[in-house]
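Count the sequence shown with my numbering and you get residues 21 to 288, in order.
Derived from the structure by calculation, the hints contain no laboratory data. Be a bit skeptical, because a hint or two may be false.
[Said to hold, decoys possible] Listed next, with one range per pair, are the computed distances between beta-carbon atoms: (1) 103 - 72: 14 to 20 Å; (2) 28 - 196: 35 to 41 Å; (3) 247 - 186: 24 to 30 Å; (4) 245 - 67: 32 to 38 Å; (5) 199 - 68: 39 to 45 Å; (6) 215 - 245: 31 to 37 Å; (7) 266 - 199: 45 to 51 Å; (8) 268 - 164: 18 to 24 Å; (9) 53 - 181: 31 to 37 Å.
[Stated by the list, open to error] 27 Å max Cα-Cα, derived DSSO-like pairs, lysine-lysine: (10) 182 - 59; (11) 265 - 95; (12) 182 - 237; (13) 220 - 89; (14) 247 - 190; (15) 155 - 138; (16) 59 - 138; (17) 68 - 182.
Quick reminder that beta carbons are idealized off the backbone N, C-alpha and C, glycines included.
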Amino acid sequence: MSEVKFFETPLTRFAGTIADITGVQAPEFAPAERVEEIKTLVSERTGKPTVDRAVIYNPDALGAWFIDKYTDMFKPMTDRSMLRVDYLTSFPPKTPVCFGTMFTGATPDQHGIHAYVKPHLKIDSLFDRWAAAGKKVAMVSVAGQSIPLLFQGRNIDYFLFKSDGAVIEKSVELIHSGEYDIIEVYVMEYDTVMHMTHPKSIFAKAAARRHVEGYVKLYEAVSEAYKGQSTFLAFAPDHGVHREKYLLGNHGKNIPEDMNLSHFYTVI
Numbered sequence: 021m022s023e024v025k026f027f028e029t030p031l032t033r034f035a036g037t038i039a040d041i042t043g044v045q046a047p048e049f050a051p052a053e054r055v056e057e058i059k060t061l062v063s064e065r066t067g068k069p070t071v072d073r074a075v076i077y078n079p080d081a082l083g084a085w086f087i088d089k090y091t092d093m094f095k096p097m098t099d100r101s102m103l104r105v106d107y108l109t110s111f112p113p114k115t116p117v118c119f120g121t122m123f124t125g126a127t128p129d130q131h132g133i134h135a136y137v138k139p140h141l142k143i144d145s146l147f148d149r150w151a152a153a154g155k156k157v158a159m160v161s162v163a164g165q166s167i168p169l170l171f172q173g174r175n176i177d178y179f180l181f182k183s184d185g186a187v188i189e190k191s192v193e194l195i196h197s198g199e200y201d202i203i204e205v206y207v208m209e210y211d212t213v214m215h216m217t218h219p220k221s222i223f224a225k226a227a228a229r230r231h232v233e234g235y236v237k238l239y240e241a242v243s244e245a246y247k248g249q250s251t252f253l254a255f256a257p258d259h260g261v262h263r264e265k266y267l268l269g270n271h272g273k274n275i276p277e278d279m280n281l282s283h284f285y286t287v288i
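Work the whole structure out from these sequences, hints included.
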């Protein structure tokens, strides 16, 4: 593998920061530290510390090295983004471990997930804080995946589908409805295909392009439907990937390829 260094900002800081900019109390286990660049972006764009709405887009397994390698592929997303933040994700870099941290601020020792398992996570999360503050929240996801299983049973609306395409279509519909303050969107094709082939296969790259296309659809929907309001839009993967000696793609090691994560944010 490469000599890339580990990123330093821990993913634990995401939840508290997002709580701040959406005007709610931070989850119980969120550390005091924040991602100050995000707060600065919001205040500079809105003239206040919060946004009116948020759309958080979680394409699975698109690590920093992959985005940096295929800059042209991601240009439709990066051109629409105003801020990149590099994070060190949680170890082991498995989907439920990382999303367990992303939406709670908790470390794996605190949330209790140390492997590829999908328990009903009952600790305080952004979904709980948003609901408690009276915000209308929609989770749109492929069914049976980590986020809807970890964060089931919250006072939010769940829209679960068999495919990424249906997830994006429903998310765009919900944005145009104007009904929701927060929309959480999870897609997974790149991760699925990468495991079946390898991270740089033509099939995996095609899946990644579709994730970028999904982001653009969300961006355009927000720009049209939420005019006159401020919306925080996040492109927020959970972990990276690598190619194993047996040639297939995988993740779970304490290496920069798996642990280094880049998020891209904008305020529309």
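Hint check:
Our hint of 14 to 20 Å for residue 103 and residue 72 holds, since their Cβ atoms are close to 18 Å apart. A hinted range of 35 to 41 Å holds for the C-beta pair residue 28 and residue 196, which are about 39 Å apart. Look at residue 247 against residue 186: about 26 Å separates their beta carbons, and that is inside 24 to 30 Å. Distance hint for residue 245 and residue 67: a CB-CB separation of about 22 Å, inconsistent with the stated range 32 to 38 Å.
Checking the proposed 39 to 45 Å range against residue 199 and residue 68 shows it is violated: the Cβ atoms sit about 23 Å from each other. The hint said 31 to 37 Å for the Cβ distance between residue 215 and residue 245, and at roughly 35 Å that hint holds. Judged by the Cβ atoms, the range 45 to 51 Å given for residue 266 and residue 199 holds: they are separated by roughly 47 Å. A hinted range of 18 to 24 Å for the beta carbons of residue 268 and residue 164 is consistent with their spacing of about 22 Å.
Between residue 53 and residue 181 the CB atoms are about 36 Å apart, so this pair conforms to the stated range of 31 to 37 Å. Using a Cα cut-off of 27 Å, the hinted pair residue 182 and residue 59 is violated, with the two alpha carbons roughly 35 Å apart. Between residue 265 and residue 95, the direct Cα distance comes to roughly 31 Å. Violation of the 27 Å bound is thereby established for this hinted pair. Between residue 182 and residue 237 the alpha-carbon distance is near 19 Å, which keeps this suggested pair within the 27 Å criterion.
For a cut-off of 27 Å, the pair hint linking residue 220 to residue 89 stands: about 10 Å separates their Cα positions. This hinted pair checks out: residue 247 and residue 190 have alpha carbons roughly 20 Å apart, not beyond 27 Å. The suggested pairing of residue 155 with residue 138 holds, with an alpha-carbon distance near 26 Å, which does not exceed 27 Å. For the hint linking residue 59 to residue 138, the alpha-carbon distance of about 31 Å lies beyond 27 Å, and the restraint is violated.
Among the hinted pairs, residue 68 with residue 182 is inconsistent with the structure: their alpha-carbon atoms are about 39 Å apart, more than 27 Å.
Going down the numbered hints, you'll see the structure goes against 4, 5, 10, 11, 16, 17, while the others check out.
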